[in-house]
Every structure is written in C-alpha cells, then in structure tokens.
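Colleague: Listed below are the residues making up each chain.
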Amino acid sequence: MNKNFSFKLHFPILVFGIAAPFLFPGLQLQIATLWVMVLFALTWDIMGGQMGYNSLGNIMFFGIGMYTSVLFQVGQFAEIGAYTAAHGGDDFTFTNAQYYQGLVIGIIMSGVVAAIAAAALGWTVFGLRGPYFAIGTLGMAIAAGELMGTWEWVGAGSGISVPVFPGSAEARSLLFYFLCFGAAVLTFVVLQWVYKTRFGLAVNAIRDDEEKAEAMGIHTVRYKTVAWAISAFFVGISGALFGNITGIIEPLEVAFPTVTFGIFMVAMTLLGGKGTLWGPVLGAVLFHTLKEVTWTYFLGWQWVALGVLIIINVVFFQQGIMGWLMEKFPEKFGIVVENKEATR
Amino acid sequence: MVLVAAPVFNVQLLLDGLFIGATFALAAYGLALVWGVMNVKNLAQGDFVIMGGYIAWWLGTQGIHPLWGLPIAIVVMFAFGWGIYVTIIRRVIDKDLFTSLLATFGLAIVIAQLLNLMFGPEVQTAESDFAIRQILGVVTVAEIKVLAFVLCGILALAVVIFMKKSRMGQAIRATAQDPRAARVMGIDTDKVYAFTFSLNAAICGAAGALISMIWVIQPFYGISYSIRSFVIVTAAGFGNLPGVIMAGLGLGVMENYSGFVLGAEFQQATVVGLLLLVLIWRQVQQRKLRQVVS
Numbered sequence: 013m014n015k016n017f018s019f020k021l022h023f024p025i026l027v028f029g030i031a032a033p034f035l036f037p038g039l040q041l042q043i044a045t046l047w048v049m050v051l052f053a054l055t056w057d058i059m060g061g062q063m064g065y066n067s068l069g070n071i072m073f074f075g076i077g078m079y080t081s082v083l084f085q086v087g088q089f090a091e092i093g094a095y096t097a098a099h100g101g102d103d104f105t106f107t108n109a110q111y112y113q114g115l116v117i118g119i120i121m122s123g124v125v126a127a128i129a130a131a132a133l134g135w136t137v138f139g140l141r142g143p144y145f146a147i148g149t150l151g152m153a154i155a156a157g158e159l160m161g162t163w164e165w166v167g168a169g170s171g172i173s174v175p176v177f178p179g180s181a182e183a184r185s186l187l188f189y190f191l192c193f194g195a196a197v198l199t200f201v202v203l204q205w206v207y208k209t210r211f212g213l214a215v216n217a218i219r220d221d222e223e224k225a226e227a228m229g230i231h232t233v234r235y236k237t238v239a240w241a242i243s244a245f246f247v248g249i250s251g252a253l254f255g256n257i258t259g260i261i262e263p264l265e266v267a268f269p270t271v272t273f274g275i276f277m278v279a280m281t282l283l284g285g286k287g288t289l290w291g292p293v294l295g296a297v298l299f300h301t302l303k304e305v306t307w308t309y310f311l312g313w314q315w316v317a318l319g320v321l322i323i324i325n326v327v328f329f330q331q332g333i334m335g336w337l338m339e340k341f342p343e344k345f346g347i348v349v350e351n352k353e354a355t356r
Numbered sequence: 018m019v020l021v022a023a024p025v026f027n028v029q030l031l032l033d034g035l036f037i038g039a040t041f042a043l044a045a046y047g048l049a050l051v052w053g054v055m056n057v058k059n060l061a062q063g064d065f066v067i068m069g070g071y072i073a074w075w076l077g078t079q080g081i082h083p084l085w086g087l088p089i090a091i092v093v094m095f096a097f098g099w100g101i102y103v104t105i106i107r108r109v110i111d112k113d114l115f116t117s118l119l120a121t122f123g124l125a126i127v128i129a130q131l132l133n134l135m136f137g138p139e140v141q142t143a144e145s146d147f148a149i150r151q152i153l154g155v156v157t158v159a160e161i162k163v164l165a166f167v168l169c170g171i172l173a174l175a176v177v178i179f180m181k182k183s184r185m186g187q188a189i190r191a192t193a194q195d196p197r198a199a200r201v202m203g204i205d206t207d208k209v210y211a212f213t214f215s216l217n218a219a220i221c222g223a224a225g226a227l228i229s230m231i232w233v234i235q236p237f238y239g240i241s242y243s244i245r246s247f248v249i250v251t252a253a254g255f256g257n258l259p260g261v262i263m264a265g266l267g268l269g270v271m272e273n274y275s276g277f278v279l280g281a282e283f284q285q286a287t288v289v290g291l292l293l294l295v296l297i298w299r300q301v302q303q304r305k306l307r308q309v310v311s
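So the sequences go chain by chain: Y and S.
Taking this note's numbering, the leading residue of the first sequence gets 13, the next gets one more, and so forth.
Taking this note's numbering, the leading residue of the second sequence gets 18, the next gets one more, and so forth.
Take every hint as true, because none was put in to throw you off.
Straight-line distance between alpha carbons at most 25 Å, and here's what the computed DSS-like set of lysine-lysine pairs gives:
no. : chain 1 : residue 1 : chain 2 : residue 2
1   : S       : K112      : Y       : K224
2   : Y       : K208      : Y       : K20
3   : S       : K208      : S       : K182
4   : Y       : K340      : Y       : K20
5   : Y       : K208      : Y       : K224
6   : S       : K112      : S       : K208
7   : Y       : K224      : S       : K305
8   : S       : K208      : S       : K181
9   : Y       : K340      : S       : K112
Derived list of chain Y stretches under chain S, where covered just means 3 residues or more per stretch with a C-beta under 8 Å from a C-beta of chain S:
no. : segment
10  : 146 to 152
11  : 159 to 165
12  : 274 to 287
13  : 306 to 319
14  : 327 to 339
Bear in mind the hints are in silico, worked out from the structure with no lab data behind them.
The structure displayed is predicted, hence computed values, not measured ones.
We put the CB at the ideal spot given by N, CA and C, even for glycine.
Just need the whole structure built from these sequences, with the hints factored in.
Modeller: Shown next, in the form of structure tokens:
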C-alpha cells in the first residue's frame, strides 16, 4: 500500500520533470527554478521542521556553494585574481574538457565546502536555542553577503562571472534544467531514506525535547551538526547550479538573497506543512507557481502580500496544508499517519 | 593611524557613538520590556523604529518641526502597537517561541515594504535647523544630537517612573513575574499585554523620531535596528535597565569606531559579529553554570 501510494505520486512527478522542458520550452528557466525551490524547502525542513531548529540563515550556504563552485571552475585553470580583474573577459576561454571537468568538480566541491562550513558554524551556534538560533543564523547570512561584497579577490561588490558554456544556449539551459531536477530528486530521495533511519528518530527526538533526548543518550550536538551539514550540502549544490544559470554572481542580490530566497524557503515550508516529507514539496510548488503567475500583477505590492502571507500562515494556519489535510482526512493518510507515529 | 596621530578624533567618534547609542538603548529597552513581560521576540522592532522616524520626517516635509513629530510619533505608534497586538500578537502569544518570531518577521517585511511604497527607497533625514558647534577645534557637535541625547534620557526616566509608580506599571511588573498569579489577583493580563506591546511601539517610535533627526532613515534599515536591539538585550538581560543603557551606548561607540577603522561597509558585519560574540559568551557562561549544578 505504502509503496503503491508513493508510486502514484512519484511516477507522475518524474514523468513531468523529464518531459517538462520539451513540453514547455519557454518555461524552462521557471521550472528549473521550481526544482531549486523544492530543494530549498526540503532542506529547510530538515532543521526547521524535523529538528525544531528554525534557521533564518540557510541561504548562506547557497552563496557559499555558488562562490565555491566558481572558484573551482575557474581556479583549476586560471589565476582567480587575474580572472576577476578582467571580469572573466575574453582573455579566459575554457576548452570543452576544461569546462565540464570544472563544472563537475565545482558542483561536488560546492556541496562539500558548504557542509564543512555548516559543521564549523554549527559549533558556534548550536548551543543557541529557539529564537537565539534563528536570529544568530539570520545575522550570519546578512553578514556573509556583506563580507563577500568587500573581498576584492572574488570580485567584491561587482561580482564574478562563471565560465561561458561551450555549447549552444538551448543545450545549456537543458543541461542545467536537468541538473536542477536531478538535485531536487536526489535531495528528496536522500531525505526520504534519512527520515526512516535512526537518524530521523533522533532528530525528531531533539525537536520534541532536547534535554530528554540528551538524557536518553543521544549525542545531540553531533546530530544537529550532521543535520545542518546535510541541509547545507544540498543548498550548496543548488547554489552552484543557480550561479551557473545566472551567469554572473553578485554578492548581495544573487549569492546571498536573504530577503528573497532566504525568506521564500521558510514561507514555502510553512505553507506546505513543516515536519512532513511532502509538505515542503507541495508548499514550494504552490508558492512558486502562484508567485510566477501573480507576481507581476501586484504592481509593487508583491512583497507586502508575501509578508501578509507569512503572518496569516503563522498565525492562523500553522500546521500548513499537509498538516491540515492530515487532521481533516486522517483515513486517507492511514499509512502516513502510522509512519508519522512511528517516526515521531 | 589617524586615531593615534590626532587623539581629538577619538572624542568625535566617542561623542557620535554615545549620541546614536542612546537611541539604540531606548529601542532595546522596549524590546526588553516586551520580551521580559510577554516572552514575545519582536523582530519588527527595528521597523517600528523606522516607522517612527518616517512619521517625524513626513511631518517635517509638511512644515511641522520634526521635534513636534516626537510626541506625535509616540501617540501614533502607541495606537499602531495596540492594533498590531489585537490583530496578530494576541494570537501568537501563548504559542511556541518561534511563532512570534516568524509572525513579527512577516510584520517587519510588510512595514518595510509599505514604507518603501509610500516614501520611496531614498535615504532621508528630517531637517531640524539646529546649529552645529565646534568644540576642541575640530570636533563638531550638532546641537540636535545633544538635545536628542537629553530627550532619550528623559524618556527612559519617564518609562522607569511609570513602571515603578503607576498602577499599570505595577500590573506590568506583576504580570512579568507570574501571569497566573497576576490573573488571580484580578489583573486583566490581556490588557496588560496590549499595553506593554503598545508602550514598546511608542518607545520605538520615539527612538525613530530622534534617529530621523540625528542620523538617516531608509525603509530597509529596520532589520539592522532589530539586530542591534537583540544584541543589546541579549548582552544586558531584561529587567536590567542600567545594563541596557550601558550596552546601548557601548554598541553605538563600538559601531562608530569599527565604521571608522574598517570602513563603513563593515558596520553591519560588526553588529552581527558582536551578536555572535555575545551569544557565544552567554553559551560559555551557561556551560559553566551547568557544571556547577552537576
């Protein structure tokens, strides 16, 4: 039953994901962004939903991944200082082999470096609970963007451009579409597996009562660090992909968009229902679709609408869509509810 | 180093830091009040400040002296705070801590964006037409800054006296100690909460009106004031007014120095760095306490 249930959901999504760029060629970028949003919401939920540590600064790893990827893509074959000084101009061209080697290593390293950064930063902030943690991470993300903007070596405020894709524009957008889709699917599969293991249980225990969890012998700091590192790993990869899609990395708007993506990831997860596997996916799809469709009609009021959405969501609809559905139709989620009971 | 070569620059930085720090302390005291009494972490604190600043600035553009904007900002923000309490805060007050944080975060976005839509993203200063004096040769002191400093002190004193002497102040303190006991004693805690939140908004409005005269305001500066308030309150602890004042003045001075030594672009990073330092320091302290108990 359980397998069947998820098969019914998984399969159409996979088919849609693979067919979408050919069915809607004009919307390729938007749908690629949708998968990045799904990834954002899923990774935020590891900490915010499953572990009860609401980070407002996860977007920091997006920027870290983005910069790491570019540095590896360029740094293997050229001097970075000279590259940024020339604004990645025509002096620096990469052969096909160099480009793809750089891209693969860049993407992998962006995840690894972001995860290492999370572990290192976690050491300083994991003693913080609840609101202190949220504000500490929010501050970190804001500071990270500003510090990057003062670093000459990586282009400071004017940013750094990524190597130019050697093929055609269609091939480029198709490649990055599938990389984004693949990253989102990989994140989902890994999280689905992780939440079923002891790790998921421990993380939920930390959410429910950290002192008791520690008393039961759970190494809370270790679990928290690993959870944040997993979250950061995938966000870092998404940063590498998004940087390559954008083409030029600018510290405040593109790499550390605390006030856009950083808020979206929280809003999407809350909308879909935090602490569930499908909630973030649902929230991200709904939020992104609504945003893309209505954004331009708000005539400057879109940010006000976003703020109001967050307030209404938090104040009146805290359980999110998945939580509401589970309350309303528990029998439809028969299996899921049991799973929830087991993993809680 | 300029600071060593010309020691008189230190005086300039110190004075400017103290003047701006006083307004930080005022806003932080409001946060300490709300946090201590209601256990609500108001992330819209800085946006209340900026809103108060825009009230004074707007009145200034209408031909009313911004100093008159101070009492008007206090009254308007008090009413605004009451409205926010009734619509939002009342519903999140007994939920978990992150709920209030996130709800006020949404509120912060709404306020900042509304101000942006109404007044545009330009950096503004309310013109107060006060003289700028020179002391010690090169140190300039704007009279309005001194006046604002004094007004900050008067306002803080007024709040303290209010909290100590008035019935409402006593009710607020009683509720902070034990809301259930307060309710048993016949205190309408809902009204107390509403009043506390409105008082906080009014204090923020006053701080903002002063900031608009002595410094600059911009719709999106709110978040840095929120973070400053959190730094100060976390460092000082709530219910510790002398601590809040000292931390506020200290933060103002430190920010001014780092802005001068490292460059203006590091000013925000300094605030965040201080926040992290304070949080880590608290953590180390608590770890020590824990070991004493075990």
